[in-house]
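A.B. asks: Heads up: the sequence shown begins at 3 in this note's numbering, then just goes up one per residue.
Don't read these hints as lab results, they were simulated from the structure.
All C-beta atoms, glycine included, are put in the ideal place defined by N, C-alpha and C.
You may find that some hints are simply not true.
With a Cα cut of at most 35 angstroms, we get these calculated DSBU-like pairs of lysine-lysine [unchecked claim]:
1. K159 x K200
2. K230 x K169
3. K159 x K171
4. K215 x K268
5. K99 x K230
6. K61 x K116
7. K163 x K116
8. K222 x K116
9. K200 x K169
10. K86 x K99
11. K163 x K215
12. K159 x K169
13. K230 x K89
14. K169 x K67
15. K61 x K86
16. K169 x K79
17. K61 x K99
18. K67 x K163
19. K61 x K215
20. K171 x K67
21. K171 x K200
22. K89 x K171
23. K99 x K222
24. K67 x K86
25. K200 x K222
26. K94 x K79
27. K86 x K215
28. K67 x K99
29. K215 x K159
30. K215 x K116
31. K171 x K61
32. K94 x K222
Restraint-style ranges between C-beta atoms, simulated for each label pair [to be verified]:
33. E29 x S146: 38 to 48 angstroms
34. S83 x R166: 25 to 35 angstroms
35. D170 x K67: 40 to 50 angstroms
36. I71 x N142: 36 to 46 angstroms
37. L189 x E272: 12 to 22 angstroms
38. K86 x S147: 36 to 46 angstroms
39. L85 x E29: 20 to 30 angstroms
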Amino acid sequence: IKGLFTQKQELVAQIQSDRERRKKGDEPILFTIQGQSTNELNGQFVHSQIFIDVLLRIKSTPADKEEFISRCNTIYKGNDSELKIVKEFSRKYTPDKALWWYTRESFLYRMLNKALRVQNTDLLFLFRFFIVDLQQQLNNNRCSSPVTLYRGQMMSKDELKILRNSKDKFISINSFFSTSTERFVALRFLDSSADELKQVLFEIHANPSVTTKPFADITKLSYFTNEKEILVMLGSIFRIDDVRADDNDVNIIQMTLCSDDDHDLKAIFEHMKNEHGGGEKNLLSFGNVLADMGK
3 IKGLFTQKQE
13 LVAQIQSDRE
23 RRKKGDEPIL
33 FTIQGQSTNE
43 LNGQFVHSQI
53 FIDVLLRIKS
63 TPADKEEFIS
73 RCNTIYKGND
83 SELKIVKEFS
93 RKYTPDKALW
103 WYTRESFLYR
113 MLNKALRVQN
123 TDLLFLFRFF
133 IVDLQQQLNN
143 NRCSSPVTLY
153 RGQMMSKDEL
163 KILRNSKDKF
173 ISINSFFSTS
183 TERFVALRFL
193 DSSADELKQV
203 LFEIHANPSV
213 TTKPFADITK
223 LSYFTNEKEI
233 LVMLGSIFRI
243 DDVRADDNDV
253 NIIQMTLCSD
263 DDHDLKAIFE
273 HMKNEHGGGE
283 KNLLSFGNVL
293 ADMGK
């Protein structure tokens, strides 16, 4: 029994929420692992950080949103239900509703995460206004005290092996990372009957007093206001502290959200600073990053 409800709309909302939760738990996590040492920086690890950093510092214009809407209309041509939501987004979207739109079951969540997964840089460039708005909302509502976060995830044996072999290394999560402060909520993502996949529970220690990418309780900002969800910013870096299996065959991966000032990460950020500098960026900067990535 997942819950008792006296109102039909409460039951419907919970069913929708559970369906979204299962979908997210089955989606692969987009991550890159740092190389063997900070003197042997993994190229993909550094490039993922540089790409996100530069993308978020290119100023958006109203024309960018119009081009994004046009692209959505093309992609979903013939899909009346999605086109209806695209039209609604075009008319009603405001930056203070970015998280509401991201958590809604619609084209936005699917398009953004697919673009991140396949590294569709053209589409991500159009998405940047939305990603910046998400970042701003997370900043404005970021957690103010240390928290322990949990995320349940089904993983392939190969993915789990990579993480098992990466203790004390850094991992960059190259998507927005949905977590909960409630362990039992995260465990609901797991399915012990899935033979080909392994059950994984991430246990994350996050301290907002250090300089990190933002993470925030989005419960009141989400489309699903009945969830206690903490969303962690795209591109956040964690240290893998321990990997072990419990008595229920759940693989516990303990991680710490890293400070940008972490001594072991200084080489990465110094490299980024030397290569691309700070401040607002332009298309030339973005093109240089893509060239470095071989795109």
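A.B. asks: Work down the list of hints and note, for each, if the structure agrees.
C.D. replies: So, going through the hints one by one against the coordinates:
1. Between K159 and K200 the alpha-carbon distance is near 6 angstroms, which keeps this suggested pair within the 35 angstroms criterion.
2. Taken as a hint, the K230 and K169 pair is honoured in the structure, with Cα atoms around 29 angstroms apart against an allowance of 35 angstroms.
3. Of the pairs offered as hints, the one joining K159 and K171 holds, with about 19 angstroms between alpha carbons and a cut-off of 35 angstroms not exceeded.
4. Annotation: proposed proximity of K215 to K268 holds, straight-line Cα distance about 15 angstroms (limit 35 angstroms).
5. For the given pair, K99 sits about 18 angstroms from K230 by alpha-carbon distance, which is consistent with the 35 angstroms threshold.
6. Between K61 and K116 the alpha-carbon distance is near 23 angstroms, which keeps this suggested pair within the 35 angstroms criterion.
7. The straight-line distance between the Cα atoms of K163 and K116 is roughly 24 angstroms, inside the 35 angstroms bound, and the hint therefore holds.
8. A hinted pair counts as satisfied when its Cα atoms are at most 35 angstroms apart, and K222 with K116 qualifies at roughly 26 angstroms.
9. A C-alpha spacing of about 18 angstroms is found between K200 and K169, which places the hinted pair at or below 35 angstroms, so the restraint holds.
10. Restraint check: the Cα-Cα separation between K86 and K99 comes to about 18 angstroms, which is no more than 35 angstroms; the hinted pair holds.
11. A C-alpha spacing of about 27 angstroms is found between K163 and K215, which places the hinted pair at or below 35 angstroms, so the restraint holds.
12. Proposed proximity of K159 and K169 is supported: the alpha carbons are some 16 angstroms apart, at most 35 angstroms.
13. For the proposed pair K230 and K89, the alpha carbon gap of about 29 angstroms is at most 35 angstroms, so the pair holds.
14. A threshold of 35 angstroms between alpha carbons decides the hint, and for K169 with K67 the separation of about 41 angstroms lies outside it, so the pair is violated.
15. Note on K61 and K86: the hinted pairing holds, with a Cα-Cα distance of about 28 angstroms set against a maximum of 35 angstroms.
16. Only pairs whose Cα atoms come within 35 angstroms are accepted, and K169 paired with K79 is rejected, the gap being roughly 46 angstroms.
17. For a cut-off of 35 angstroms, the pair hint linking K61 to K99 stands: about 19 angstroms separates their Cα positions.
18. Of the supplied pair hints, the one linking K67 and K163 is violated, its CA atoms being roughly 41 angstroms apart against a limit of 35 angstroms.
19. For the hint linking K61 to K215, the alpha-carbon distance of about 19 angstroms falls within 35 angstroms, and the restraint holds.
20. Distance check on the hinted pair: K171 and K67 sit about 38 angstroms apart at the alpha-carbon level, beyond 35 angstroms; violated.
21. Our distance criterion of 35 angstroms between C-alpha atoms is met by K171 and K200, whose separation comes to about 21 angstroms.
22. Straight-line distance between C-alpha atoms of K89 and K171 comes to about 44 angstroms, which puts the hinted pair past the 35 angstroms bound.
23. Restraint check for K99 and K222: the C-alpha separation of about 11 angstroms stays at or below 35 angstroms, so the hint holds.
24. Simply put, K67 and K86 have alpha-carbon atoms about 17 angstroms apart, close enough for the 35 angstroms limit, and the pair holds.
25. The suggested pairing of K200 with K222 holds, with an alpha-carbon distance near 32 angstroms, which does not exceed 35 angstroms.
26. For the suggested pair K94 and K79, the alpha carbons sit about 20 angstroms apart, so the restraint of at most 35 angstroms is met.
27. Restraint check for K86 and K215: satisfied, since their Cα atoms lie roughly 34 angstroms apart, inside the 35 angstroms limit.
28. Straight-line distance between C-alpha atoms of K67 and K99 comes to about 15 angstroms, which keeps the hinted pair within the 35 angstroms bound.
29. For the proposed pair K215 and K159, the alpha carbon gap of about 29 angstroms is at most 35 angstroms, so the pair holds.
30. In summary, the hint linking K215 to K116 is supported, as the alpha carbons are separated by about 22 angstroms, within the 35 angstroms threshold.
31. Taken as a hint, the K171 and K61 pair is honoured in the structure, with Cα atoms around 33 angstroms apart against an allowance of 35 angstroms.
32. At most 35 angstroms may separate the alpha-carbon atoms for a hinted pair to count; K94 and K222 meet this at roughly 19 angstroms.
33. One distance hint, 38 to 48 angstroms for the beta-carbon pair E29 and S146, is violated here, with the actual separation near 29 angstroms.
34. A C-beta distance of roughly 42 angstroms is found between S83 and R166, which places it outside the suggested range of 25 to 35 angstroms.
35. Checking the proposed 40 to 50 angstroms range against D170 and K67 shows it holds: the Cβ atoms sit about 43 angstroms from each other.
36. Our hint of 36 to 46 angstroms for I71 and N142 is violated, since their Cβ atoms are close to 25 angstroms apart.
37. Distance hint check: the CB atoms of L189 and E272 are about 40 angstroms apart, inconsistent with the given range 12 to 22 angstroms.
38. Checked against the given bound of 36 to 46 angstroms, the beta carbons of K86 and S147, roughly 41 angstroms apart, stay inside it.
39. Restraint check, L85 to E29: a C-beta distance of roughly 24 angstroms satisfies the suggested window 20 to 30 angstroms.
When held up to the earlier numbered hints, the structure conflicts with 14, 16, 18, 20, 22, 33, 34, 36, 37 and fits the remainder.
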